[in-house]
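Please take these sequences and the hints and turn them into a complete structure.
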Amino acid sequence: MAVFVNNLLILLLLFQNICLGFRSPLSIFKRYKDPSRSLSSECLGSDQPVISFGLSDFALDIRMPAVTPKQSDTYLCMSVPLPVDDEAYVVDFKPHASMDTVHHMLLFGCNEPSSTESYWDCDEGTCKDKSNILYAWARNAPPTRLPKGVGFRVGGETGSRYFVLQVHYGDVSAFRDKHKDCSGVTLHLTHQKQPLIAGMYLMMSVNTVIPPGKKVVDADIACHYKRSPMHLFAYRVHTHRLGKIVSGYRVRNGQWTLIGRQSPQLPQAFYPVKYPVDISYDDILAARCVFSGEGRTTETHIGGTANDEMCNFYIMYYMEAKHAVSYMTCTQNANPEMFRNIPQEANIPIPVKSDVLKMMHGHHEETKDSDTSSLLQQDKKEDEEILDQGDFYSLLSKLLGEREDIVHVHKHNPTEKAESDLVAEIANVVQKKDLAREIASHDERDNAILVRDRIQKFHRLESTLRPPENSHFSLQQSKHGEGSWEKEHKG
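Numbers -21 to -1, 1 to 470, taken from mature numbering (1 follows the signal peptide of the UniProt record, and there is no 0), label the letters of the sequence shown in order.
It should be emphasised that the hints constitute simulated quantities derived from the structure, not laboratory data. Check the hints yourself; a few may be wrong.
[Claimed, not checked] Straight-line Cα separation of at most 30 Å, BS3-like style, residue types lysine-lysine; simulated pairs:
no.: 1; residue 1: LYS127; residue 2: LYS205
no.: 2; residue 1: LYS107; residue 2: LYS73
no.: 3; residue 1: LYS205; residue 2: LYS301
no.: 4; residue 1: LYS332; residue 2: LYS194
no.: 5; residue 1: LYS157; residue 2: LYS49
[Stated by the list, open to error] DEER-style ranges, computed between Cβ atoms:
no.: 6; residue 1: GLU136; residue 2: PRO28; range: 18 to 26 Å
no.: 7; residue 1: GLY274; residue 2: GLU316; range: 25 to 33 Å
no.: 8; residue 1: THR137; residue 2: ARG319; range: 40 to 48 Å
no.: 9; residue 1: SER259; residue 2: GLN50; range: 46 to 54 Å
no.: 10; residue 1: GLU103; residue 2: HIS158; range: 21 to 29 Å
no.: 11; residue 1: ASN314; residue 2: ASP100; range: 36 to 44 Å
no.: 12; residue 1: GLY274; residue 2: MET317; range: 25 to 33 Å
no.: 13; residue 1: PRO28; residue 2: GLU273; range: 42 to 50 Å
no.: 14; residue 1: GLY274; residue 2: GLN50; range: 23 to 31 Å
no.: 15; residue 1: SER207; residue 2: ASP65; range: 24 to 32 Å
no.: 16; residue 1: ALA38; residue 2: LYS332; range: 35 to 43 Å
no.: 17; residue 1: GLY274; residue 2: THR236; range: 30 to 38 Å
no.: 18; residue 1: ASN286; residue 2: ASP261; range: 33 to 41 Å
Positions of the beta carbon are idealized from the N, C-alpha and C atoms, including for glycine.
Right, dumping it as structure tokens:
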């Protein structure tokens, strides 16, 4: 009997130890679901940077190496080599960041980073050679997945051999506890040859000035397209706090076709193009940003700090591999008179509820009532311009839970013409072109000099963008805008 009791006690002790050591899957799931945990930018240790998914696919983790920015509007860069020599294709981007600490992230591809340090101040440049923007993130935008059969080409004989991550830390008050930040992005790559090559077309204004107190200021951009056909599948908008609405169009034979329009105060993700849009030789790509200077007491210029402004319209496209161009830019207005015919929707802001606006900007920022769809119109003395109306389709409805027939699923399959999840999560990138650094003086210098100085700031932060036909981005010249990245110029 004594032996039986002893055996029973031993079994009970063993069972207790097993129970104490066991964590149910549900408890683990709840732990990672806990909203108090911010895993996105935590420095969790030296995890494996490259993870294989099989014979052809792998993931590459690109993270800041435990940094603590010391002042606001700090731009830090770091580089990671492509871990393979052969050609590969980026087909997915997963961000790890929070807008509580990071204003935006940009991912470049190039062959020679500006520094060999573990990280560096981006004022030193991003790359020594030409660079292409592959990805951008801001305002807690969700992951981005490319359509089936489409990928950004890297490695091999023609693709980039390094990834350079740029992180803009806006307000560093979040770092008062001196914690370390490891924000970044995870790439999903494949060796499987993709029949269609992805690229980025960036439209941006470089000389917009927003007078204090002025209710409506338009920034217009337009370029003639002079390349092989490209097919647009996603777009992204970017301004800072004064931006109300950003819209992009294809203009063909006088007909304006909407590419996309969105409030820059919502998550600055890549949203799916609602209807497939193709761009052919000699089409015009046009974009408009609408700003308001209300509440400001001084002029607001284009620049890289939170108090400056930006006007960017990003387009993700794909082309046939044999004609593929990975990056193009437009920084001029080739035909100002054309904008007299821009659809009214370009000047009707998408309503953003005050609670959403507060969430996006944080409680410390002023939040005015943006729940308006009234027509924003410039002073009558300024060419009697009409500012647009809108269909309000974009992702706003999904975010606010008002309707279900939005574009959160993109059903266009570029290779098979039908597949439901092609661009379902095209939502992240971009925000970059917080290209510039703060313009310190707003004196009465000649406008051309002001533009030149701002462009030189852009060069230092972004590896230098300069259309070959126009060394100073003069908006008076009406040449086509097939901009390219060139070797960095520092003044």
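Evaluation of the provided hints:
no. : hint                          : in the structure
1   : LYS127 <-> LYS205             : 27 Å, holds
2   : LYS107 <-> LYS73              : 26 Å, holds
3   : LYS205 <-> LYS301             : 16 Å, holds
4   : LYS332 <-> LYS194             : 20 Å, holds
5   : LYS157 <-> LYS49              : 9 Å, holds
6   : GLU136 <-> PRO28: 18 to 26 Å  : 24 Å, holds
7   : GLY274 <-> GLU316: 25 to 33 Å : 32 Å, holds
8   : THR137 <-> ARG319: 40 to 48 Å : 42 Å, holds
9   : SER259 <-> GLN50: 46 to 54 Å  : 47 Å, holds
10  : GLU103 <-> HIS158: 21 to 29 Å : 25 Å, holds
11  : ASN314 <-> ASP100: 36 to 44 Å : 39 Å, holds
12  : GLY274 <-> MET317: 25 to 33 Å : 31 Å, holds
13  : PRO28 <-> GLU273: 42 to 50 Å  : 47 Å, holds
14  : GLY274 <-> GLN50: 23 to 31 Å  : 25 Å, holds
15  : SER207 <-> ASP65: 24 to 32 Å  : 26 Å, holds
16  : ALA38 <-> LYS332: 35 to 43 Å  : 36 Å, holds
17  : GLY274 <-> THR236: 30 to 38 Å : 35 Å, holds
18  : ASN286 <-> ASP261: 33 to 41 Å : 40 Å, holds
The structure shown violates none of the earlier numbered hints.
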